[in-house]
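Engineer: Work the whole structure out from these sequences, hints included.
Numbering follows our numbering, in which position 332 of the first sequence is assigned residue number 332; successive positions increment by one, without gaps.
Careful, some of the hints might be misleading.
Okay, derived cross-link-like pairs now, SDA-like style, lysine to any residue, Cα gap no bigger than 25 Å in a straight line [as the list claims (entries may be wrong)]:
hint, residue 1, residue 2
1, Lys400, Gly431
2, Lys199, Asn64
3, Lys107, Ala124
4, Lys394, Phe348
5, Lys394, Asp351
6, Lys400, Asp371
7, Lys199, Gly63
8, Lys65, Ala124
9, Lys400, Pro390
10, Lys107, Asp121
11, Lys65, Glu42
12, Lys65, Asn316
13, Lys69, Glu42
14, Lys400, Glu336
15, Lys69, Glu336
16, Lys65, Gln133
17, Lys224, Glu186
18, Lys394, Val436
19, Lys69, Val97
20, Lys65, Glu130
21, Lys65, Ile195
22, Lys104, Gly323
23, Lys224, Ala238
24, Lys65, Met14
25, Lys397, Gly431
26, Lys199, Val341
27, Lys224, Ser262
Keep in mind that the hints were calculated from the coordinates and are not lab data.
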Amino acid sequence: MTATGLSTQPARGMRDFLPEDVRRREYVVGVIRRVYERYGFEPLETPAVENIETLLGKYGEEGNKLIFKILKRGEHEASGTADLALRYDLTVPLARVVAEHQAKLPKFFKRYQIQPVWRADRPARGRFREFYQCDIDAIGSTSTVVEVEVLSGVSEVLHELGFQDFVIRLNDRRLLTAMLEVAGVEAPRHGDALIALDKLDKIGADGVAAEFAARQIEPAAIGKLLPLFGGGAGATGANGAILRALATFIGAHETGQAAVGSLESMLALAGPTPASGHLRIDPSLARGLSYYTGAIMEIQVADLAGSLGGGGRYDNLIGMFLGRDVPACGFSLGLERILVVMGERGMFPADLAGAGCDVLVTIWNAGAMDDALGLAGEFRQAGLRVEVYPEADKIGKQLKYASGRQVPFVAVVGDDERAGGTVSLKDLRSGTQHTVRRAEAAAFIGVHVNR
RNA sequence: GUGGGCGUAGUUCAGUGGUAGAACGCCUGACUGUGGCUCAGGAGGUCGCGGGUUCGAUACCCGUCGCCCACCCCA
1 MTATGLSTQP ARGMRDFLPE DVRRREYVVG VIRRVYERYG FEPLETPAVE NIETLLGKYG
61 EEGNKLIFKI LKRGEHEASG TADLALRYDL TVPLARVVAE HQAKLPKFFK RYQIQPVWRA
121 DRPARGRFRE FYQCDIDAIG STSTVVEVEV LSGVSEVLHE LGFQDFVIRL NDRRLLTAML
181 EVAGVEAPRH GDALIALDKL DKIGADGVAA EFAARQIEPA AIGKLLPLFG GGAGATGANG
241 AILRALATFI GAHETGQAAV GSLESMLALA GPTPASGHLR IDPSLARGLS YYTGAIMEIQ
301 VADLAGSLGG GGRYDNLIGM FLGRDVPACG FSLGLERILV VMGERGMFPA DLAGAGCDVL
361 VTIWNAGAMD DALGLAGEFR QAGLRVEVYP EADKIGKQLK YASGRQVPFV AVVGDDERAG
421 GTVSLKDLRS GTQHTVRRAE AAAFIGVHVN R
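Structural biologist: If you want it as structure tokens, here you go:
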């Protein structure tokens, strides 16, 4: 609140990014983009706003409620109806793009997209109403090579950012369905049953039983399902055993066995990739978005309740636009989640802090402003990042300002320097000062700031 | 959406039914060509907002808004 009575906070769930925030974001986005391109993904951007019908019905009931809707404008505003909406994720717009531009796209279209999305969610730690997703998706193939490339790519991103300890939980929608069907859970209760089972490690077997009772789910199913979900945390080595137990349980269920087969294939193919050692088959992983049809995956780290990212296969989403199914699989890294964890763990390179500036040129006196600007120009020609102190304040004040800004060098041209054709350069980090010939000043700074 | 906690200086926080304090930061000076250290001064707050109780509220009560935590959901 200010003297005007107007709140100066950004709208709920939205944030301002100050220079250091932007530098951190750009650092992470840079790593992500570099790795994605290394995997052959090409850039795509889509509008912030979509026609509302494009989004409705793609995310499930919960998702529909969280879409930011835009009222009709002008004389139609009073009708209270919405015809546009802010994009909710990057996957549905991609599906629309693929359907729209199909003829221009390669048979196997691989794109990355790093843009903000909006959700009318309640903000929390690592959760905002405007946030960036960093997506990769591969269109046009049902091969598990696609899943493995995607998992490998996001794993490589996390490694390059310095993460060692992440776990990628892996499951398959078809397998979940098979398990619930075999256990005798009626189809309309599948969602509720999964939510209850997912809480197993928090509320225990008795808690799950209570949830089942409250949601009128076949109680006998619990005894059948619990052994499959009890896997225990962190045991990536047990993937084979978990899959065998699941396969035995679902027996002759055809699509379920296909899912087991594709999970086995993914584990095998991922062996020599950066994803190796991070994959954990987890039958309790469900994921809320309704468009997934096959593999589903989610990245977790111990110190964040939510996930760093998630994805999966969605073989009929494009068909909802095109009228003909096109297979697709993708993954979304959550930039804000990554930034939250990296910030708390101190994982950013040190040179991201401080001013984005190598040298501050001081103003000796009111008559020397043109000289300061000239010197700054020479430094800039040499590729240095230069700030000119804008006022003829006392030199101590200018030094103090530079120090507070964490600028490494200050350049001073006083009467003595002017007479001698030199510049005094003070390294504020060490406190040492050198007076060098003006022609050599830029190079001197360049050497000492590593540019 | 449900439950709980918190809103006091630029920031982090003390505090009391009688209209407020610290630390850090900021400004000035000691320092007439030099930041960080030290010292001396100084500026800055309608105690989130609205109502109620009271002689009197920043404090107690109600409402509201905002922030935080848990649940739910997710990136």
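Engineer: Which numbered hints are broken by the structure, listed smallest first?
Structural biologist: Of the numbered hints given earlier, those the structure breaks are 3, 4, 5, 10, 11, 13 and 14, listed in rising order.
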